[in-house]
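S.K.: The residues making up each chain are set out below.
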Amino acid sequence: MLWLISLLLLTVMASMVRVVVGPTRADRLLAIQLFGTAGTAVLLMMAYLWGQPALIDAALIIALLAAVITSALVQFLRREHHD
Amino acid sequence: MNWALLSLALPLLSAFWVLLVRRAVSETILFATLVSLTAALAAFYQVQSDPVQTLLLGDWTLPLAIRFELTSLNALLMVLTATIHFLVGLYNRFSRHGSGRYSDYWPLSAVLHSALVALWLSRDLFNWYVTLELLTLVAVALVTLSGPKAYRAALGYLVLSLIASLFYLLGVALLYGEYGVLDLDRLSALAVDSANTRLALLLMVLGLMLKAALWPLYLWLPDAHANAPTAVSALLSALVVKGPLFILWLTLTQIAPVEFAQQLGLIFALFGSVALLSGAWSALRTPYLKTLVAYSTVAQLGYALITLGLLLRWQTPELATALWLFVIAHALAKVSAFLAAGEMQATFGSKELIAVRGASQSMPLAMFAFAVAGGSLIGLPPSGGFLAKWILLQPLFAEPAHWPWALAILLGTLASAAYVFRVVALAFDRYDVETELPQTDALAQWLSLLPALVVWGLALISQPLMLWLSTGANP
Amino acid sequence: MIEFTAILAWPFLLAGAFFFIAGTLGVLRFPDIYSRLHAVTKADTLGLGLTVIGLGLLSGSLRTTLLMILVWLLVMASGATACQLLARYERERPQVEDENGGR
Amino acid sequence: MAVVDWVYDGLLALLVLGLAAGALYSLSLYRAVVFYIALGLVLALVWARLGAPDLALAEAAIGAGLTGVLLLSALKHQPNKARLMGWPWLPGLTGIAILLLLIMMVKAVWGLPQGMAAVGQAALLAVPESGVEHPVTAVLLNFRAWDTLLEVLVVLLALLALRQLTLPDETFPDAWPLLLAWSRLLAPLSLLLGIYLLWRGADAPGGAFQSGALIAAGLLMLRLVGLSPALPWSRFGVRLSILIGPTIFLLAAMATASLGAGWLAFPPDWSKALILLIEVAATTSIAISLALLVGSDSRELNQ
Amino acid sequence: MTEFQLFLGLGLLLFLLGVHGLVLSEHTIRRLIAINVSGGGVFLVMVSLASRGDSVDPVMQALVVTGLVVAVSATAFALRLGSALTRAESSDREGDH
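In the order they appear, the protein sequences are chains A, B, C, D and E.
Take the first sequence: its letter number 71 is residue 71 in the working numbering, and every next letter is one higher.
Residues are numbered in the working numbering as their position in the second sequence, beginning at 1, plus a constant of 83.
Residues are numbered in the working numbering as their position in the third sequence, beginning at 1, plus a constant of 558.
Residues are numbered in the working numbering as their position in the fourth sequence, beginning at 1, plus a constant of 661.
Residues are numbered in the working numbering as their position in the fifth sequence, beginning at 1, plus a constant of 964.
Derived by calculation from the structure, the hints in this document are not laboratory data.
Treat the hints loosely; a few may be bogus.
[To be verified] Short derived list, chain A residues pointing at chain D, Cβ under 8 Å:
| hint | residue |
| --- | --- |
| 1 | Val17 |
| 2 | Val21 |
| 3 | Thr24 |
| 4 | Leu29 |
| 5 | Val42 |
| 6 | Asp57 |
[What the hints assert, rightly or not] Computed spacing ranges between beta-carbons, pair by pair:
| hint | chain 1 | residue 1 | chain 2 | residue 2 | range |
| --- | --- | --- | --- | --- | --- |
| 7 | B | Trp364 | E | Ser1019 | 38 to 48 Å |
| 8 | E | Ser1019 | C | Trp568 | 26 to 36 Å |
| 9 | D | Ile764 | B | Pro299 | 20 to 30 Å |
| 10 | D | Val664 | C | Leu583 | 22 to 32 Å |
| 11 | C | Leu583 | A | Gly51 | 26 to 36 Å |
| 12 | B | Leu550 | D | Trp771 | 46 to 56 Å |
| 13 | B | Gly239 | D | Asp830 | 44 to 54 Å |
| 14 | D | Ser919 | A | Gly51 | 41 to 51 Å |
| 15 | B | Gln136 | D | Leu920 | 49 to 59 Å |
| 16 | B | Leu273 | D | Leu938 | 34 to 44 Å |
| 17 | D | Leu901 | B | Trp364 | 51 to 61 Å |
| 18 | C | Ala564 | D | Leu754 | 26 to 36 Å |
All residues carry an ideal CB built from backbone N, CA and C; glycine is no exception.
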């Protein structure tokens, strides 16, 4: 299981390249979205592995807040173009 | 102890109340401060019969609980805090240049009062971190009261304060990692001389020095204190920078290994000497009145730093009496100096120093207040400032090897005399006949004189005062 | 019985990891933002779903499984919405600014 | 430790380091902010790894979520390109200094002993007497309740400080229908999840702060799309809900000091109820204060 | 070396990097990111110290929760103060013209 988690961390790390190269802002945010999904998967695995059900709650929060952040960003970016 | 707790809780409760109902704001806060002052006096009276009172919060046992300790020193500091808060509040309420009866100055100053009392009472390293953060935020909020022109200074102050808190917190974490406790007494009993302890203390010292604006980490202070509203400058200079100093003194005297404390002490004493001169030099050169007073705080903190340094260097706890006398005398004198300076600045409508030319005729009371406060800052006998300096100088004169320090202090005295006279001389200059006499506010000037009179009055009770400080300061 | 579900669970977990890798490769290799959006939101959501099934089989507790399915539903909805929102933002964005200049 | 542990810990550490470097040294501010948000997420994973689920929850809600929204919203008012400081030799020189400092610090802390701290052991022993079953909640709301009171006060103070500022206007474009529908779903969900966390706090990881932060995020979501009603300071109800947490906490402290065993010493029979009351009040205050701290309108507070 | 030492060292490094970033930048948002990175480092030190025993030290965890809340409040206020400052200075400049 730990190997699996490590593998997911590796994919996360690779996707960080997108944050650096972009080219658009949406691309960079996309990496966060991916990160949120992979992070929830990692937390769920940890929750099972160490018998910590609270980590499922943490996964839930991350999933929720990744959504909030994406929506917030879209609003913020649109606002900039409006002015 | 219950009186002390009352003195702690009342300002806070009154702040919540006025924020909620928004009626009779200034009156409520002033009244609560007065009651809090009475409670602090009662606590002080109580502590005379029972010198060291401890309270374990939540009734848990020690290493778990947060500990409060009441000694005659912190009872006195509580009285000082309440007195200054009350006097500044009076000025702010009745001066035409105050912040108004409904402004947020009132609840904020009340929270400041409570945060300081919490700091004086606590003996827990992490609890101090939270009180320090609270103090920082209140202080920044108070600075921003004077509007957009103060934002830059406020932001600079906040950023530096935040990073300073992190230094302190990291130090606390490392101490906790080594000894597993947060209580000051427990740490004092357990602490040994190890690399980790030294590192932790060094981090804490850096953070606290930045927060207390001790030389060379003082650069944020003049801007922040000079740009704040007058009443706020008085509170900040008189009280807020003393909080971190208190923690610095307690942690270093209680936890620091002797050898390390001695090394630090030497550095402190050297820094203090430099602070005396460089602060005075900047005060002599600045073109603005309130900035001059703010730089004088930097210089005066130099005395405290020298005293703390020598105390650590020679491991002589008796010097703590001088340290806290300095703090008390400086607090009272600085309140007067800032209130008088602010009143003059507002009346003449210019923040330039040059505007006070002839003030001895147009605003004699405010000028008198400034001069009287300045006298204590210089250390003229028989003011409180003189008393502190005298206690410090006695052991210095006793041994020839210590004369260089005495020389530094005397030089500092001369320098502070120079900047005080810079203002006074200008005020006695010929008044320009053609300009109209500005509308002055006699009551506000009287209110600015009050704290200065108190600091000279300290001389009357010098004997018991020294006794209280020496019993309280040597736990 | 436990043994059996455990054996059943692993293919799901591995398949989940495979889809995560596929999604990341898509993000790195696909040529434009719209196809990258698809890569992330479809492949990763699927990967998470398979992982949830695998973990649910392993844990065998109904409450845990339900919670995990809730997480998955949330991520799925969030992915779909984010995909739409970002795509629409990209389409409507004024194309004047220089996006390669280190923004 | 097995190889896999090292791979896994090493990957986490590398991620933290890389993201921190990205957040600190990216030339574009936007990129730095995105890196910082990602760093918050990884830190949540690290807390989970180190066995601190309470922190994983708090970091996910506060560190990654709220701070992320906060930084993104601040971006507008600042020029995007921000150069690092001028002198070319400075980064290299300070970099070397950092390295030396790190070596010294690591050497100093290397010998720290294994095993749990005395206070931690005492806390675990005292949990049964605290009125709640979850140790972290017991520490926060009973053993070190005074810290927590001051901390709630810090949140209030930040809001009071914000009230003094003349802020720039915050107006948002009309939200797309999809976004509107989505936020209508997300906001109640975060409220629900917040209440769930608060309720679990007594016997499992969770509690007032995590819950408050989550509810605040929900409120913010509504605010961004223009669904949230204004919460003006001039309204009594708003002030009451902001002040209720610290007030009830302080009143409890004063009541226990004058009637009971001492300042913040909750009587055993009552402690569970008292803690619950304080937690609910504190959550309300924290949620509304944080939402206003991050997303208040320019005129909402200054009245 | 154990994992507690790995994360302890990482925390110290993060703290120093944050300080480094703070010294090098003069931009409000950058400075606050740097402070928060530093803060993350301090919290990492605290949690790694907490995880030394068989079970995790609840007191240290509680302290970190407190620290997180304090940090987010202060950061929020500082960022808004930065925005207000930018606005005040740009309106000053317009006033000069």
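S.K.: Could you run down the list of hints and mark each one as holding or not?
M.R.: Checked hints:
Taking 8 Å as the C-beta cut-off, the interface hint given for valine 17 of chain A is violated, the closest approach to chain D being about 11 Å. Annotation: interface hint on valine 21 of chain A violated; nearest CB of chain D at approximately 10 Å, more than 8 Å. Interface restraint check: threonine 24 of chain A against chain D, minimum CB-CB distance 11 Å, threshold 8 Å, status violated. A least Cβ separation of about 7 Å between leucine 29 of chain A and chain D falls short of the 8 Å threshold, and the interface hint therefore holds.
A distance limit of 8 Å between C-beta atoms decides the matter here; for valine 42 of chain A the minimum to chain D is near 6 Å, and the interface restraint holds. Annotation: aspartate 57 of chain A was flagged as interfacial toward chain D, and the flag holds, the nearest CB pair being 6 Å apart, inside 8 Å. Against the hinted window of 38 to 48 Å, the Cβ-Cβ separation of tryptophan 364 of chain B and serine 1019 of chain E comes to about 57 Å, which falls outside the hint. About 30 Å separates the C-beta atoms of serine 1019 of chain E and tryptophan 568 of chain C, a value consistent with the hinted range of 26 to 36 Å.
Take isoleucine 764 of chain D and proline 299 of chain B: their Cβ atoms lie about 25 Å apart, and the range 20 to 30 Å holds. The hinted range of 22 to 32 Å is satisfied by valine 664 of chain D and leucine 583 of chain C, whose Cβ atoms lie roughly 26 Å apart. Restraint check, leucine 583 of chain C to glycine 51 of chain A: a C-beta distance of roughly 33 Å satisfies the suggested window 26 to 36 Å. The given range of 46 to 56 Å is respected by leucine 550 of chain B and tryptophan 771 of chain D, whose C-beta atoms sit roughly 48 Å from each other.
Look at glycine 239 of chain B against aspartate 830 of chain D: about 25 Å separates their beta carbons, and that is not inside 44 to 54 Å. The supplied range of 41 to 51 Å is met by serine 919 of chain D and glycine 51 of chain A, whose beta-carbon atoms lie about 45 Å from each other. Checked against the given bound of 49 to 59 Å, the beta carbons of glutamine 136 of chain B and leucine 920 of chain D, roughly 20 Å apart, lie outside it. Against the hinted window of 34 to 44 Å, the Cβ-Cβ separation of leucine 273 of chain B and leucine 938 of chain D comes to about 37 Å, which satisfies the hint.
For the pair leucine 901 of chain D and tryptophan 364 of chain B, the supplied restraint of 51 to 61 Å holds, since their beta-carbon distance comes to about 52 Å. One distance hint, 26 to 36 Å for the beta-carbon pair alanine 564 of chain C and leucine 754 of chain D, is violated here, with the actual separation near 56 Å.
Hints 1, 2, 3, 7, 13, 15 and 18 from the list above are not met by this structure, while the remaining hints are.
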